[in-house]
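Here is what each chain is made of, one letter per residue.
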Amino acid sequence: MTSSRKSTLLHLGVLALLVVLFFVLPPYHAGNLSRIMVLAIYAMGYNLLFGYTGLLSLGHAMFFAAGMYGFGLTLNLGGWPVPLAFVAGVVCAGALALVIGLLALRTAGVAFMIVTLMFAQTGYLVVLYFGTYTRGDEGFVIQQAQRMLGGFDLTSETGRYVTALILFAICFLGLARLVQTPFGRTLVAIRENEERTRMLGYDAGSHKLRALIISGAVSGVAGAAYALLFGYVGATFATVQYSIFPLLWVLLGGAGTTIGPLIGVFFMFYLIDTSSTYTNAYMLIAGVVLVLLTVFAPQGLAGELRKRVFKWLP
Amino acid sequence: MAAVSILETRGLTKAYGGVLANSDVNFKLAKGKVTALIGPNGAGKSTFVGMVSGRTEATSGQVFFEGQDISHLPAHKRMQLGLAYTFQITSIFPGLSVHENVALAARRKLGKNPEALEAKVQAVLTRVGIADRAEQIAGDLSYGHQRILEIAMGLAQDPHVFILDEPTQGLAESEVDDFIKLVRSLAGETTILLIEHNMKVVMETADFITVLDQGMVLAEGTPAEIHANADVQAAYLGSTPHA
Numbered sequence: 016m017t018s019s020r021k022s023t024l025l026h027l028g029v030l031a032l033l034v035v036l037f038f039v040l041p042p043y044h045a046g047n048l049s050r051i052m053v054l055a056i057y058a059m060g061y062n063l064l065f066g067y068t069g070l071l072s073l074g075h076a077m078f079f080a081a082g083m084y085g086f087g088l089t090l091n092l093g094g095w096p097v098p099l100a101f102v103a104g105v106v107c108a109g110a111l112a113l114v115i116g117l118l119a120l121r122t123a124g125v126a127f128m129i130v131t132l133m134f135a136q137t138g139y140l141v142v143l144y145f146g147t148y149t150r151g152d153e154g155f156v157i158q159q160a161q162r163m164l165g166g167f168d169l170t171s172e173t174g175r176y177v178t179a180l181i182l183f184a185i186c187f188l189g190l191a192r193l194v195q196t197p198f199g200r201t202l203v204a205i206r207e208n209e210e211r212t213r214m215l216g217y218d219a220g221s222h223k224l225r226a227l228i229i230s231g232a233v234s235g236v237a238g239a240a241y242a243l244l245f246g247y248v249g250a251t252f253a254t255v256q257y258s259i260f261p262l263l264w265v266l267l268g269g270a271g272t273t274i275g276p277l278i279g280v281f282f283m284f285y286l287i288d289t290s291s292t293y294t295n296a297y298m299l300i301a302g303v304v305l306v307l308l309t310v311f312a313p314q315g316l317a318g319e320l321r322k323r324v325f326k327w328l329p
Numbered sequence: 339m340a341a342v343s344i345l346e347t348r349g350l351t352k353a354y355g356g357v358l359a360n361s362d363v364n365f366k367l368a369k370g371k372v373t374a375l376i377g378p379n380g381a382g383k384s385t386f387v388g389m390v391s392g393r394t395e396a397t398s399g400q401v402f403f404e405g406q407d408i409s410h411l412p413a414h415k416r417m418q419l420g421l422a423y424t425f426q427i428t429s430i431f432p433g434l435s436v437h438e439n440v441a442l443a444a445r446r447k448l449g450k451n452p453e454a455l456e457a458k459v460q461a462v463l464t465r466v467g468i469a470d471r472a473e474q475i476a477g478d479l480s481y482g483h484q485r486i487l488e489i490a491m492g493l494a495q496d497p498h499v500f501i502l503d504e505p506t507q508g509l510a511e512s513e514v515d516d517f518i519k520l521v522r523s524l525a526g527e528t529t530i531l532l533i534e535h536n537m538k539v540v541m542e543t544a545d546f547i548t549v550l551d552q553g554m555v556l557a558e559g560t561p562a563e564i565h566a567n568a569d570v571q572a573a574y575l576g577s578t579p580h581a
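Chains A and B are the protein sequences, given in the same order.
Numbering follows the working numbering, in which position 29 of the first sequence is assigned residue number 44; successive positions increment by one, without gaps.
Numbering follows the working numbering, in which position 41 of the second sequence is assigned residue number 379; successive positions increment by one, without gaps.
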């Protein structure tokens, strides 16, 4: 069996597993899984830029928040229908990524991290500044009545799970396909050796900009989906914490692997969920586990699997 | 030089502060031939090809490639026009397989045609003699094989002009002989600009030689002419008796 066939089977298998899990899991865990899938979309968007292109952004919360507010504000204040508001959210995030990319991609390495961090901080302050509309830190709730799609209730457990799974599947398969295209391979080349890539005749700058736009837009999908499925839009999601999360998830799951982001989010979610049932000091446990993983599995869970067992892992 | 030139520089100059790495270099590269660029250390050879390939920005002067002024094009555009460049210090994709390294080089042209791409990669790997190592991670290769891989990446682009910056540096004697054979087999297929310290390689492969000294062209001609040139002997060959 060729590697590409194996990876197709793997991706379809993961999706099949997620379908099965909905029927076998108790409602509490199914609910968790909806959230995990939405956050995994965010992690996958981040992974395209960090894991595949080698650009470490510390400001992705601005794209997540752009999707969230682009969706929430057009829906709430503009009265737009759900699909249109959703598209608005994604377009907002993509457009923001274009603008940020044109400025921030003039830098590299540590400077890029700092510039994206600062822009995200600006984004957070903008949300607070326009408190009249965004309700600032307090945020606003999207009423259940607004979260309907053609008679389909997106607030029910089933509605949530199905929507999250569909969106996750689109992004998952789409990105898995993208990284196999010549474009995706070139992103990996840039990560490995940008100067060499340029001297092979590739326009590294435009590749990085396109990667950032796609990464931002996918993060926007996650932000809009989060608001849609969980009914809340707030400035917390624009804070630096939400820029660090995707980095952690991707590092844990395996940067530059297609299934790493899902694994990372899942692992982190249940790590905190489980340890918090035993002790109040759950962040301590989470911290220790994170340190251990970084020491013993520096390439993340999926990355180590690829290195040791499944060399074909995409 | 009587031959048609494919690449030409006029008054190419590079100043680092007050130091002139290259001053007023007028150079013509004969189409389909192997031209060696030689000169003592610090003569400005790498700076010169850096300006030709677009890696280094020229302070003044112009570069013409196939009749087109490319002086202001970024490096990747120059590569797209048909230049290829191998680095003096080995520069490959160490984390990727040998196959993928070459595929990346070929994909810019053949990206839409997977069969042709695969055929090209196989052909190039076979030609340079590392086809059996296609699945190895490039960073695990020996130094000599990494140099060869880098040449393979140049060939995979089907360049009109192939710039090789000290390709035999650090190679074993037998590998150098293989390299000489490879360059000879390319004669007529493409135009080669070779920066080289190894005089054996230069004398056995070059159709023409240009000698740079202190950033300026000291002499140009066939290997026999250069060998007989008194200025060159004084500046360069005289100091390397084994040549």
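It should be emphasised that the hints constitute simulated quantities derived from the structure, not laboratory data.
Ideal placement from N, C-alpha and C gives every residue a C-beta, glycine not left out.
Take these hints with a grain of salt, some might be off.
Within a straight-line C-alpha distance of at most 16 Å, the following computed EDC-like cross-link-like pairs (lysine to aspartate or glutamate) qualify [claimed, not checked]: (1) K371(B) - E404(B); (2) K415(B) - D168(A); (3) K538(B) - E504(B); (4) K538(B) - E511(B); (5) K369(B) - E527(B); (6) K366(B) - E504(B); (7) K519(B) - D545(B); (8) K369(B) - E395(B); (9) K371(B) - E511(B); (10) K415(B) - E404(B); (11) K415(B) - E395(B); (12) K538(B) - D516(B); (13) K326(A) - E527(B); (14) K322(A) - D478(B); (15) K322(A) - E473(B); (16) K415(B) - E210(A); (17) K450(B) - D478(B); (18) K447(B) - D218(A).
Derived coverage of chain B by chain A (criterion: at least 3 residues anywhere in the stretch with Cβ under 8 Å from a Cβ of chain A; other residues may be distant) [unchecked claim]: (19) 418 to 427; (20) 457 to 467.
Consistency of the hints with the structure:
The hinted pair formed by K371(B) and E404(B) meets the criterion: a straight-line CA distance of about 15 Å does not exceed 16 Å. Under the criterion of a C-alpha separation no larger than 16 Å, the hint pairing K415(B) with D168(A) is inconsistent with the structure, at around 53 Å. For the proposed pair K538(B) and E504(B), the alpha carbon gap of about 13 Å is at most 16 Å, so the pair holds. For the proposed pair K538(B) and E511(B), the alpha carbon gap of about 11 Å is at most 16 Å, so the pair holds.
This hinted pair checks out: K369(B) and E527(B) have alpha carbons roughly 10 Å apart, not beyond 16 Å. Restraint check for K366(B) and E504(B): the C-alpha separation of about 20 Å exceeds 16 Å, so the hint is violated. A threshold of 16 Å between alpha carbons decides the hint, and for K519(B) with D545(B) the separation of about 14 Å falls inside it, so the pair holds. Between K369(B) and E395(B) the CA atoms are separated by roughly 24 Å; this puts the pair beyond 16 Å, and the hint is violated.
Our distance criterion of 16 Å between C-alpha atoms is broken by K371(B) and E511(B), whose separation comes to about 24 Å. Among the hinted pairs, K415(B) with E404(B) is consistent with the structure: their alpha-carbon atoms are about 14 Å apart, no more than 16 Å. Between K415(B) and E395(B), the direct Cα distance comes to roughly 14 Å. Compliance with the 16 Å bound is thereby established for this hinted pair. About 13 Å separates the Cα atoms of K538(B) and D516(B), which keeps this hinted pair within 16 Å; it holds.
Distance check on the hinted pair: K326(A) and E527(B) sit about 38 Å apart at the alpha-carbon level, beyond 16 Å; violated. Distance hint between K322(A) and D478(B) is fulfilled; the C-alpha atoms sit about 15 Å from each other, no more than 16 Å. Proximity of K322(A) to E473(B) is assessed by CA-CA distance (about 15 Å); at most 16 Å being required, the pair is judged to hold. Note on K415(B) and E210(A): the hinted pairing holds, with a Cα-Cα distance of about 14 Å set against a maximum of 16 Å.
Restraint check for K450(B) and D478(B): the C-alpha separation of about 30 Å exceeds 16 Å, so the hint is violated. Proximity of K447(B) to D218(A) is assessed by CA-CA distance (about 14 Å); at most 16 Å being required, the pair is judged to hold. Counting residues of the segment 418 to 427 of chain B whose C-beta lies closer than 8 Å to any C-beta of chain A gives 3; at least three are required, and the coverage claim holds. Counting residues of the segment 457 to 467 of chain B whose beta carbon lies closer than 8 Å to any beta carbon of chain A gives 0, which falls below the threshold of three, so the coverage claim is violated.
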